[in-house]
Amino acid sequence: MKKRSPLKSSFIKLSTVKKLHKWLSILVFIQLLIWLGTGLFFNLMDHDKARGNQNKKISTLQKVEHTRLMNLDIALKNINKPVTEVALIQRLGKPYYLLTHEKGLYSHFKSDFSLIDAYAGDTFIIDDGIASELAQASYKGNGEISGVAKVKPPIKDVLKERNTAWQVNFSDELNTSVYIDASSGRLIGHSNDDKRFVDLFFMLHFMDYPFLGQGSVGGFNNGQIIFFALLTLVFCLTGFIWVIELLRKGRYRLGS
Amino acid sequence: MSLHRKSRKYHKWLMLFVGVQLLIWSITGAYMVVMDIHYIHGDSLVSTKQKAIAVGDVKYSLRQLLADHNEAVNVKLGMLLNQTVYRFNEGDHKVIVSAFDGRQLSPIDKTLAISIAQDKYANTNALVGHVQLITTNPPRELSGRYLPAWRVDFDDFASPSFYISANSGQLVTKRHSYWRIFDWMFAFHVMDYVDEAAGNKLLLVFTALAFIASIFGLVLTYFRLMPQQNKKNDYFDKKLNKGFTNEET
Numbered sequence: 011m012k013k014r015s016p017l018k019s020s021f022i023k024l025s026t027v028k029k030l031h032k033w034l035s036i037l038v039f040i041q042l043l044i045w046l047g048t049g050l051f052f053n054l055m056d057h058d059k060a061r062g063n064q065n066k067k068i069s070t071l072q073k074v075e076h077t078r079l080m081n082l083d084i085a086l087k088n089i090n091k092p093v094t095e096v097a098l099i100q101r102l103g104k105p106y107y108l109l110t111h112e113k114g115l116y117s118h119f120k121s122d123f124s125l126i127d128a129y130a131g132d133t134f135i136i137d138d139g140i141a142s143e144l145a146q147a148s149y150k151g152n153g154e155i156s157g158v159a160k161v162k163p164p165i166k167d168v169l170k171e172r173n174t175a176w177q178v179n180f181s182d183e184l185n186t187s188v189y190i191d192a193s194s195g196r197l198i199g200h201s202n203d204d205k206r207f208v209d210l211f212f213m214l215h216f217m218d219y220p221f222l223g224q225g226s227v228g229g230f231n232n233g234q235i236i237f238f239a240l241l242t243l244v245f246c247l248t249g250f251i252w253v254i255e256l257l258r259k260g261r262y263r264l265g266s
Numbered sequence: 050m051s052l053h054r055k056s057r058k059y060h061k062w063l064m065l066f067v068g069v070q071l072l073i074w075s076i077t078g079a080y081m082v083v084m085d086i087h088y089i090h091g092d093s094l095v096s097t098k099q100k101a102i103a104v105g106d107v108k109y110s111l112r113q114l115l116a117d118h119n120e121a122v123n124v125k126l127g128m129l130l131n132q133t134v135y136r137f138n139e140g141d142h143k144v145i146v147s148a149f150d151g152r153q154l155s156p157i158d159k160t161l162a163i164s165i166a167q168d169k170y171a172n173t174n175a176l177v178g179h180v181q182l183i184t185t186n187p188p189r190e191l192s193g194r195y196l197p198a199w200r201v202d203f204d205d206f207a208s209p210s211f212y213i214s215a216n217s218g219q220l221v222t223k224r225h226s227y228w229r230i231f232d233w234m235f236a237f238h239v240m241d242y243v244d245e246a247a248g249n250k251l252l253l254v255f256t257a258l259a260f261i262a263s264i265f266g267l268v269l270t271y272f273r274l275m276p277q278q279n280k281k282n283d284y285f286d287k288k289l290n291k292g293f294t295n296e297e298t
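Protein chains in written order, with the numbering used here: chain A, 11 to 266; chain B, 50 to 298.
I should point out that these hints are in silico values taken from the structure, not numbers from a laboratory. Each residue gets a CB set at the ideal place from its N, CA and C atoms; glycine is no exception. You may find that some hints are simply not true.
As the list claims (entries may be wrong) - Where chain A lies over chain B, by a calculated footprint (3+ residues, C-beta under 8 Å): (1) 51-57; (2) 65-76; (3) 100-110.
Said to hold, decoys possible - Calculated pairs, DSBU-like style, for lysine-lysine (alpha carbon to alpha carbon, straight line, at most 30 Å): (4) B:Lys169 / A:Lys91; (5) A:Lys87 / B:Lys58; (6) B:Lys55 / A:Lys113; (7) A:Lys23 / B:Lys159; (8) B:Lys98 / B:Lys125; (9) B:Lys55 / A:Lys120; (10) A:Lys29 / B:Lys55.
Said to hold, decoys possible - Partial pick of chain A residues on the chain B-facing surface, computed with a CB cut under 7 Å: (11) Leu30; (12) Lys32; (13) Phe39; (14) Ile40; (15) Gln41; (16) Leu46; (17) Thr94; (18) Asp137; (19) Gln234; (20) Val253; (21) Ile254.
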């Protein structure tokens with residue numbers, strides 16, 4: 011004799027729920043364990059080390075001799091791109107006009123800048139030598155510069171960055187890399203082996219796998235995670251219904 | 050007790066305690082990955098047009114500005130709607146000064162805040178709803194460092210709000226319903242409703258238990274998949290599921 015499940019009156023049979031739960035477990039178990047394992051790691055990790063800023067220092071500002079500042083109309087006369095903003099900034103203790111030609115909503119979005127010496131009016135280009143000095147000025151570790159390279163996005167250490175950067179590597183025990191924006195000379199950030207280790211866990215948690223889809227992009231909106239998230243949602247929902255059913259049937263008794 | 054039966058028991062009991070949180074993780078996680086993060090940040094609400102500054106309009110020189118405001122740091126020349134202005138930090142707050150005559154323009158009033166918000170908003174047909182100056186106790190969606198700020202609500206899809214800094218006249222934060230939902234989803238995902246740091250003890254205990262419970266679940270899947278093992282455990286299965294799996298044929 012067949013008993014009717016109370017759920018049968020609703021849209022799905024309990025047996026279907028259980029079957030779904032069992033079959034989905036085969037599909038999602040690896041990623042589910044990765045999610046829980048990496049989640050556990052995020053909970054226990056050293057959040058300061060994860061930032062990769064162990065060797066970073068803030069450079070101090072120098073006093074600007076404002077009587078020496080060049081007038082903006084003269085400074086800008088040889089610029090033939092439109093300028094949306096001019097900022098008086100400092101690089102290596104000297105004042106510069108940072109001209110914005112194009113600016114994204116955030117500093118890591120596509121932007122275009124140029125720099126002009128605010129005293130002399132000369133164009134200031136961030137070359138490998140300047141990039142090294144800027145990186146050194148932001149660095150308080152005891153390593154030496156071991157390499158300088160111009161890198162185009164995607165940049166493995168700073169996946170969200172969409173602008174060309176100088177990568178300045180230091181020979182310290184953490185293998186610190188310093189990133190400098192190639193057009194503005196802005197310090198994008200530091201990275202090191204501790205941060206790279208944490209990045210690996212984020213890659214796993216976000217399924218931002220380099221070998222899938224568009225490769226690693228430093229985000230969590232990729233096709234594979236949407237697919238697995240929806241499967242896992244059904245998996246957890248069917249499991250939840252199962253628990254409710256066990257409770258209803260009085261199958262939760264101490265000792266059972 | 051066999052490993053199979055033990056796993057069944059522990060999976061059942063552990064899931065009684067952590068099952069709800071697993072369901073919450075899967076719902077909140079699914080929401081966060083399905084919704085495009087740039088949409089959530091409200092990036093598509095912001096107009097992309099950028100106005101070039103006319104250096105010829107600058108009658109009040111930077112040298113003059115620095116002589117008049119010798120505490121000024123982080124000086125920028127840019128646009129405030131159609132005016133060329135200087136923005137800078139003086140002490141702990143921002144100041145706007147006209148680049149035409151050096152007149153201080155900040156803090157901005159309600160009318161100007163609305164105009165800036167409308168200028169920055171991508172949908173030029175949207176109407177402005179409620180407007181409010183926030184000086185203390187910022188809402189959950191606005192960082193306190195942007196105060197004082199004008200909140201300009203638009204009568205548009207997903208109830209967008211633009212926050213315009215009263216001292217810099219710049220768009221500092223943009224929010225809409227899906228961001229607000231996302232914010233709660235994240236809080237539920239990391240089981241934290243106070244400071245949203247992914248490092249609380251409750252989360253640690255639940256994640257560890259959920260991990261163990263899932264391992265037991267994996268053992269059950271393993272026994273289910275192995276044909277010989279299944280036969281061996283058939284007897285126990287029947288016994289355990291009596292009156293429960295009748296409808297499974």
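Evaluation of the provided hints:
1. Only residues whose beta carbon comes within less than 8 Å of a beta carbon in chain A count, and the stretch 51-57 of chain B has 0; fewer than three means the coverage is violated.
2. Under the rule that three or more residues need a Cβ within less than 8 Å of chain A, the assignment of the stretch 65-76 of chain B holds, with 8 such residues.
3. Requiring three or more residues with a Cβ within less than 8 Å of a Cβ of chain A, the coverage given for the stretch 100-110 of chain B holds, as 7 such residues are present.
4. At roughly 23 Å between alpha-carbon atoms, Lys169 of chain B and Lys91 of chain A fall within 30 Å of each other, so this suggested pair holds.
5. For a cut-off of 30 Å, the pair hint linking Lys87 of chain A to Lys58 of chain B is broken: about 79 Å separates their Cα positions.
6. The suggested pairing of Lys55 of chain B with Lys113 of chain A is violated, with an alpha-carbon distance near 60 Å, which exceeds 30 Å.
7. A distance of roughly 59 Å separates the Cα atoms of Lys23 of chain A and Lys159 of chain B; the hinted pair therefore is violated under the 30 Å criterion.
8. Restraint check for Lys98 of chain B and Lys125 of chain B: satisfied, since their Cα atoms lie roughly 19 Å apart, inside the 30 Å limit.
9. The straight-line distance between the Cα atoms of Lys55 of chain B and Lys120 of chain A is roughly 56 Å, outside the 30 Å bound, and the hint therefore fails.
10. For the given pair, Lys29 of chain A sits about 21 Å from Lys55 of chain B by alpha-carbon distance, which is consistent with the 30 Å threshold.
11. Interface restraint check: Leu30 of chain A against chain B, minimum CB-CB distance 13 Å, threshold 7 Å, status violated.
12. Interface restraint check for Lys32 of chain A: the shortest CB-CB distance to chain B comes to about 6 Å, inside 7 Å, so the restraint holds.
13. Look at Phe39 of chain A: its Cβ gets to within about 5 Å of chain B, closer than 7 Å, so that hint holds up.
14. The criterion of a C-beta within 7 Å of any C-beta in chain B is not met by Ile40 of chain A, whose closest approach is roughly 9 Å, and the hint is violated.
15. Evaluation of the Gln41 of chain A hint against chain B yields a violated restraint, the C-beta minimum of about 11 Å exceeding 7 Å.
16. At about 4 Å, the closest approach between the beta carbon of Leu46 of chain A and any beta carbon in chain B falls short of 7 Å, and the interface hint on this residue holds.
17. For Thr94 of chain A, the interface hint holds, since its Cβ comes within 7 Å of a Cβ in chain B; the closest pair sits about 5 Å apart.
18. The criterion of a C-beta within 7 Å of any C-beta in chain B is not met by Asp137 of chain A, whose closest approach is roughly 26 Å, and the hint is violated.
19. The beta carbon of Gln234 of chain A comes no nearer than 10 Å to any beta carbon in chain B, farther than 7 Å, and the hint placing it at the interface is violated.
20. Look at Val253 of chain A: its Cβ gets to within about 5 Å of chain B, closer than 7 Å, so that hint holds up.
21. Because the smallest distance between the Cβ of Ile254 of chain A and any Cβ of chain B comes to about 9 Å, over 7 Å, the interface hint for this residue is violated.
Consistency with the previously given hints fails for numbers 1, 5, 6, 7, 9, 11, 14, 15, 18, 19, 21, ordered from lowest to highest.
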